[in-house]
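*Asks:* Sequence:
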Amino acid sequence: MLEAVEGNIHQRLCALLDEHRARYRVMAHEAVGQCEAVSAIRGTALGQGAKALVCKVKGNGVNQHVLAILAADRQADLASLARHIGGSKASLASPAEVDALTACVFGAIPPFSFHPALRLVADPLLFERFPQIAFNAGRLDRSIILDTEDYLHIARPEDRELSPS
Numbered sequence: 380m381l382e383a384v385e386g387n388i389h390q391r392l393c394a395l396l397d398e399h400r401a402r403y404r405v406m407a408h409e410a411v412g413q414c415e416a417v418s419a420i421r422g423t424a425l426g427q428g429a430k431a432l433v434c435k436v437k438g439n440g441v442n443q444h445v446l447a448i449l450a451a452d453r454q455a456d457l458a459s460l461a462r463h464i465g466g467s468k469a470s471l472a473s474p475a476e477v478d479a480l481t482a483c484v485f486g487a488i489p490p491f492s493f494h495p496a497l498r499l500v501a502d503p504l505l506f507e508r509f510p511q512i513a514f515n516a517g518r519l520d521r522s523i524i525l526d527t528e529d530y531l532h533i534a535r536p537e538d539r540e541l542s543p544s
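If you're matching positions, the sequence shown starts at 380 in the numbering used here and goes up one per residue.
Any given hint could turn out to be false.
[Unchecked claim] Label-pair distances were calculated between CB atoms; the ranges are:
(1) ALA407 <-> GLN454: 26 to 32 Å
(2) ASN439 <-> ASP397: 39 to 45 Å
(3) ILE420 <-> ALA496: 17 to 23 Å
(4) GLY438 <-> ASN387: 21 to 27 Å
(5) VAL484 <-> VAL405: 31 to 37 Å
(6) SER473 <-> HIS399: 31 to 37 Å
(7) ILE420 <-> ASN442: 24 to 30 Å
(8) ALA475 <-> PRO510: 33 to 39 Å
(9) LEU425 <-> PRO495: 27 to 33 Å
(10) ASP526 <-> ILE420: 30 to 36 Å
Worth flagging that the hints you see were computed from the coordinates, not collected in a lab. Glycine is no exception: its CB is placed at the ideal position from the N, C-alpha and C atoms.
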């Protein structure tokens, strides 16, 4: 059984960014979880959005939860993710697993892992196109626009191509 992450993720995230003196801003907006709609509200490009998918990788003796981060204008290649982790199959986690691992509803998950059982993997394409990334910040009605270099320095995700070319 997974133990749930505790605390307000939005507050924890802002505290983490402040602690590292990150260059970011918080935007309050209508509660939206769909990438296209929230990008329009934020005034950012769709490809600038950091889509966060909680996945489960199994097979070959592997049973691992992964937070896969990719550009919002791309689709996840779950087979590639499974191979990277060493498993044979990857799927999206159940809503209960997402809640336990992130303390967020789907659509509000930031590209940071606060749970030791949630491995962070990110597609480098997200960071190559824009100087800032944008994401819902633990709440559907709050977004953060964060300097890309600061994100990579603070989150330190594993680098893996997650979307088909």
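*Asks:* Each hint: holds or not?
*Replies:* Outcome of the hint check:
1. Range check, ALA407 to GLN454: Cβ separation about 29 Å, and the 26 to 32 Å hint holds.
2. At about 41 Å, the beta-carbon gap between ASN439 and ASP397 stays in the expected band of 39 to 45 Å.
3. Between ILE420 and ALA496 the Cβ separation comes to about 32 Å, which falls outside the hinted range of 17 to 23 Å.
4. Distance hint check: the CB atoms of GLY438 and ASN387 are about 35 Å apart, inconsistent with the given range 21 to 27 Å.
5. With their beta carbons about 18 Å apart, VAL484 and VAL405 fall outside the hinted range of 31 to 37 Å.
6. The given range of 31 to 37 Å is respected by SER473 and HIS399, whose C-beta atoms sit roughly 32 Å from each other.
7. A beta carbon spacing of about 38 Å between ILE420 and ASN442 contradicts the range 24 to 30 Å that was offered as a hint.
8. At roughly 37 Å, the beta-carbon separation of ALA475 and PRO510 lies within the given 33 to 39 Å, and the hint holds.
9. Checking the proposed 27 to 33 Å range against LEU425 and PRO495 shows it holds: the Cβ atoms sit about 32 Å from each other.
10. The supplied range of 30 to 36 Å is broken by ASP526 and ILE420, whose beta-carbon atoms lie about 20 Å from each other.
Against the hints set out earlier in the document, violations occur for numbers 3, 4, 5, 7 and 10.
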